[in-house]
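S.K.: Chain by chain, the residues run as shown.
Protein chains: 2
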Amino acid sequence: MIDQKVVQFEKKYRPQLEQHLSEYLQNLTAQPYLLKAMTYSVMAGGKRIRPMMILAICQSFERKIDQAVLDVAGSLELLHTYSLIHDDLPEMDNDDLRRGVLTNHKKFGQATAVLAGDGLLTTAFEWLTQTSLNSKTISELVGLLAHAAGVSGMVSGQMSDILGEQQRLNLRQLKKLHQQKTGALILYACQAGAILAGIKLEQRIAIENYGRNFGLAFQIYDDLMDELSTTAKMGKKVHKDQNEHKNTYPSLLGISQSWDALTGAVDRAANSLKTLSQAGVDCSLLQGLLTYFSRKEEQ
Amino acid sequence: MIDQKVVQFEKKYRPQLEQHLSEYLQNLTAQPYLLKAMTYSVMAGGKRIRPMMILAICQSFERKIDQAVLDVAGSLELLHTYSLIHDDLPEMDNDDLRRGVLTNHKKFGQATAVLAGDGLLTTAFEWLTQTSLNSKTISELVGLLAHAAGVSGMVSGQMSDILGEQQRLNLRQLKKLHQQKTGALILYACQAGAILAGIKLEQRIAIENYGRNFGLAFQIYDDLMDELSTTAKMGKKVHKDQNEHKNTYPSLLGISQSWDALTGAVDRAANSLKTLSQAGVDCSLLQGLLTYFSRKEEQ
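Those sequence lines, one after another, are chains V and D. Letter by letter, the first sequence follows residues 105 to 403 of the working numbering. Letter by letter, the second sequence follows residues 105 to 403 of the working numbering.
Check each hint, because a few of them may be wrong.
Cut-off 27 Å, straight-line C-alpha distance, at most; resulting in silico cross-link-like pairs (BS3-like, lysine-lysine) [said to hold, decoys possible]:
1) V:140 / D:350
2) D:350 / V:350
3) V:210 / D:210
4) D:280 / V:140
5) D:350 / V:211
Stretches of chain D that chain V covers, calculated by requiring three or more beta carbons in the stretch to come under 8 Å of a beta carbon on chain V [stated by the list, open to error]:
6) 123-137
7) 143-152
8) 253-260
9) 264-274
10) 352-366
Cβ-Cβ distance ranges computed for the label pairs, FRET-style [as the list claims (entries may be wrong)]:
11) V:210 / D:115: 42 to 52 Å
12) D:386 / V:120: 47 to 57 Å
13) D:280 / V:238: 31 to 41 Å
14) V:120 / D:140: 23 to 33 Å
15) D:332 / V:123: 48 to 58 Å
16) V:201 / D:280: 34 to 44 Å
17) V:120 / D:119: 46 to 56 Å
18) V:133 / D:306: 25 to 35 Å
19) D:361 / V:136: 28 to 38 Å
20) V:171 / D:306: 31 to 41 Å
21) V:210 / D:382: 57 to 67 Å
22) D:194 / V:274: 31 to 41 Å
23) V:274 / D:115: 42 to 52 Å
Read the hints as simulated data drawn from the structure, not as lab findings. Positions of the beta carbon are idealized from the N, C-alpha and C atoms, including for glycine.
Using the sequences and the hints, build the whole thing.
M.R.: Here is the structure:
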């Protein structure tokens, strides 16, 4: 069961975020077909976990969720969507379905999908520079986002993932791959939230620690769902990892030990919140987000 | 004939830029195969026109060509290289040769080429945030670069180019396509140079005007060379445009009128420098760069 506080929070802010995304895209000056392809994938739904984490951290530290916060969150969702579009390409993971609808290249063609991804990635950075935040904050966010999304993070993770299909990774290598491919961008969400909320270093370290473990839990959970779920429920092809000899937690540890690893990551994330709670921060929402990885929900 | 001042300037600074690029790439933390693919394309040579324009503008306004200037110039070359890698992909222009060597996807495979491009694009922005420039300047450069490279500029230009293969554009449409696809990044080089040199608005407007006409001349010249040159000389396939029914100046206006249009753009660029010269700026180098488009050189 997803925590009720999270459900309420999502009910209030996810539509705001969606509208903010939609309006931003509508106001872009772009080649119309390209913009259509970009908008298609951005507005195809999804849980918006990364931007919602930014909002949740702001809320927890009583930072008003204003236009600037929604800008930073929206920018992250554009960047995340680019990564999905490129990952789905025939030369990459070759997926036909995403979020229950045709993937970008299936709908618009491969050239357009490459360009839609390029456009979203570039626009994510442009959007950050258009916020009302001060230059120092903008520069910091651009640097952190590029670091997380680029060759130190996500892009290298995807490269390792593709090359890893031909070889068996050990657990340490798999963990690193996950940290880069999925963890880096979730960590950025936490850093961005912390920066927007203007919290002090000690608290930021706790939030980053929460983010690192959240990211790991997220990927183990995703691996498990790929094994256990159905296409209808996931909105994308499942059992793919196994078919493609992908390195995953279940393939390395088996189902049961993967659940244990997930529980470990969730516990460590929860632990990171303790010092914050003791300092008077209301961590119930961030604690609640960990119910995304609840076992009962999916089995 | 290329102007002697330009030849001397290139002789001095192009090796510095190349070394700066090489060292930056070497120091990146990245998946090794990915980094190899990125480095392959960045270090494959080329005239480095865009970054050299930044340096030339700094030189003209007596702004010292220091580490920060080389950083901004290097970042632009990374971004330009990304655009070449993605443009060469089979689903795009499907080129096998670039700068006299195999294109990235021919050498490293298509998935790696997509990721190498993604990595370079993202790293271009990260590099800007790592310079010693102040946050305001960094934020301004990130915004302008993203604007030039993204859906307002280059990416939309490439989209129009691909879609345009199926239709006949008129001169106005072709000019817009060129402005987006090639002109926007050359204009950014001029803006970046002007910002680094800290020149006043009036002078910046003149430099931007120079950049716009330089960009147009560049594209007309490139179109003409595709018609007139040989593969050996160009280091890439020629007569491609015609074969693929690309919209070009020669296909629209014929060879002779295309040379006239080129001369017009070069003259307008030269004219933009006049007010600067009158104000005591030594424009001989920027004037000299226009000899890139000299007719004798190539016929």
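S.K.: If you check each hint against the structure, which ones fail?
M.R.: Numbers 2, 7, 10, 14 - these are the hints that the structure violates, sorted from lowest upward.
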